[in-house]
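Peer 1: This is what each chain is made of:
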Amino acid sequence: MTVTSQTPSAAVRAAAEGWRRASSSRARRTALAGWLFVLPGFAVYGLVMLYPAVQTVLLSLQDWTIVPGQESPWVGLANYAEALQDPVFLRSLVNAAAYTAFTVPLQVVIGLFLAVLLDGYLPGRVLFRVLFYLPVVSSWVVVSLLFRYIFASDDSLANSVVVNLLHLSGSNVAWFQHRWTAMLAIALLGTWKGIGWSMLIFLAALTAVPVELKEAAALDGAGAVRRFRYVSLPAIRSALSVVFILLFIGGFNVFISVQLMTGGGPSNATQVPLTYMYQQAFDFLDFSYGSAVSFILTGTVLALSALQYWWTRRREAL
Amino acid sequence: MRRTPRDRLLLALRYLFLGACAVVMVYPFAYMVSTSLKSRTYVLSDPTRLWPDEPTLDNYRQVLTAEHFPRYALNSAMVSVASTVAIVLLSSMMAYAFSRLRFPGRRILFALIVVGLTIPTMMLIIPQFLLARDLHLLNSLPGLVPFYVGTALAFNTFLLSGFFEQIPRELDEAMMIDGAGAWRRYWNLAMPLAKPALGTVVIFSFLGTWDEYAWAVTVLNDTDKRTLPIAIALFQGQHSTSWGLVFAASIIALVPVIAIYLTFQRYFVAGLTTGAVKS
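Residue numbers (our numbering), protein chains in the order written: chain A, 24 to 341; chain B, 998 to 1276.
Don't take each hint at face value.
[Unchecked claim] Looking from chain A toward chain B, a few residues come up when the C-beta cut is under 10 Å (computed):
no. : residue
1   : F60
2   : T79
3   : G99
4   : Y103
5   : I133
6   : H190
7   : A247
8   : I272
[Said to hold, decoys possible] Each pair of labels, with its calculated beta carbon distance range:
no. : chain 1 : residue 1 : chain 2 : residue 2 : range
9   : B       : I1164     : A       : L236      : 25 to 35 Å
10  : B       : K1192     : A       : A239      : 32 to 42 Å
11  : B       : L1008     : A       : L236      : 51 to 61 Å
Keep in mind the hints are simulated off the structure, nothing from the lab.
From the three backbone atoms N, C-alpha and C, an ideal C-beta is built for every residue, glycine too.
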């Protein structure tokens, strides 16, 4: 475009005009191509994710009737008010919080510990990495049934470990008959299944630390602990906060394991928000109340994780 | 590096800890395999003994000859393959457009994709169910596919566009001078170069749809339309005492997953580092 500002001859101006037209038609072609590339995928995405996301909010503000064609009255925040006074929903939040408080620190600490042990020269590290990651790739349905079996009967594996091996209890425990023993079994499954994931992310972050840096620190006489504190830890800080936030979100969204191990029972003692939402919607057909439950859950969890994110960012800036 | 006795002790300690952890991590699987090899009468005998007295493949035989089991495996395979193909194609096309083509609305659409990363899929199950009902996609195996694809697109588009960004722009420009249009640059240049990232997308998409349970169990009703995870979960409900059968079925469903994982485990690391640790 700078060509036109220099009082050019007619020939140059014509050439520049031709180039400009060619390039603007190329830009138009590119724009059209862009739209054509995005359109099919975005249509599916918009239909299946964005539209339902808006629908969740709308449904939660209605008293939705299942009969097609019948008007569903708007009820404002009534579903939310009901949820906040619903003891089962509040209990489900407490259960999910307890599950998160148990599983997240364990997954972070053990995952980090294993990653540190696997970092650097170690024959057979691939084998260990594969073994630790196996639970992560196994389906939730299979491992939930497996842990149900491990804890289920009187002479189950869990009981023989707790009673005969560790002598933690004098008699067999009926794990799924009580709220906290059942939650413990569910949380142990969550921890066992998730450790390999956090380990792998930490390991990837640790591998990115230059070997020279560690060797230099070792030559300067820094012990293993100090090398970890001053060389490795700064390198994995962002991985640490990402893992923490994703596990936090995942913890509150626990579903299949609870559904298949206890179904939220006995008498709603082990409900978590998503099993409760599912029950309200697909057993009692209260789609509006279920939507309110799921919106409260997602809203709270996202707000809390945004807060965590902001907090870690701020600390890093200091 | 020279190894001092202290180094060797450290190495031994590392192996000790790792070995102990490996036993804890693998034991439940070993226990599952062992249970699947026990005949029904032996299932409830001493739980800490791993190797059964009289190992038998009876459970596997029963599962494989069960009326619908091969059908369920086929259902799962068809849905997973169709979804994976669609996810790879659609997400790579979107990612290419976002990272290489300038078009009005690009920023807004990409921001909407990022929003999708934060929405847990389970939160949407109620409106998605109503949508499937309105589109007459309830109780239909092909009807699962658009939902599996739509829920997977945000993550995979994000992952792939990060990868496409790393491909030098000069290569695109060189092809443009040769007169190559957007499709040729995408298909002949970007896609071959993105093979490692595409491998990650294929694996995660396949495993995700192969294992998917919550949506399938919600929308499918007919017996012969079940997918493997539904069949296994219901199997447990029907044969609550025959854990050997349940685990034989589970292991059959796990075999392809573990085979894929072992073959492509490098891609798992690549996928995690590009996807999750992107600071």
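Peer 1: Now tell me if each hint is right for this structure.
Peer 2: Cross-check of the supplied hints:
1. F60: holds, 4 Å
2. T79: holds, 5 Å
3. G99: violated, 19 Å
4. Y103: At about 15 Å, which exceeds the 10 Å cut-off, the nearest Cβ of chain B leaves the hint on Y103 (chain A) violated.
5. I133: Where the cut-off is 10 Å and the nearest Cβ of chain B is about 8 Å from I133 (chain A), the hint holds.
6. H190: violated, 14 Å
7. A247: At about 7 Å, which falls below the 10 Å cut-off, the nearest Cβ of chain B leaves the hint on A247 (chain A) intact, so it holds.
8. I272: holds, 7 Å
9. B:I1164 with A:L236: 25 to 35 Å: At roughly 29 Å between Cβ atoms, L236 (chain A) and I1164 (chain B) fall inside 25 to 35 Å, so the hint holds.
10. B:K1192 with A:A239: 32 to 42 Å: holds, 36 Å
11. B:L1008 with A:L236: 51 to 61 Å: Cβ of L1008 (chain B) to Cβ of L236 (chain A): about 21 Å, so the range 51 to 61 Å is violated.
The structure fails to meet hints 3, 4, 6 and 11 from the earlier list, while all remaining hints are met.
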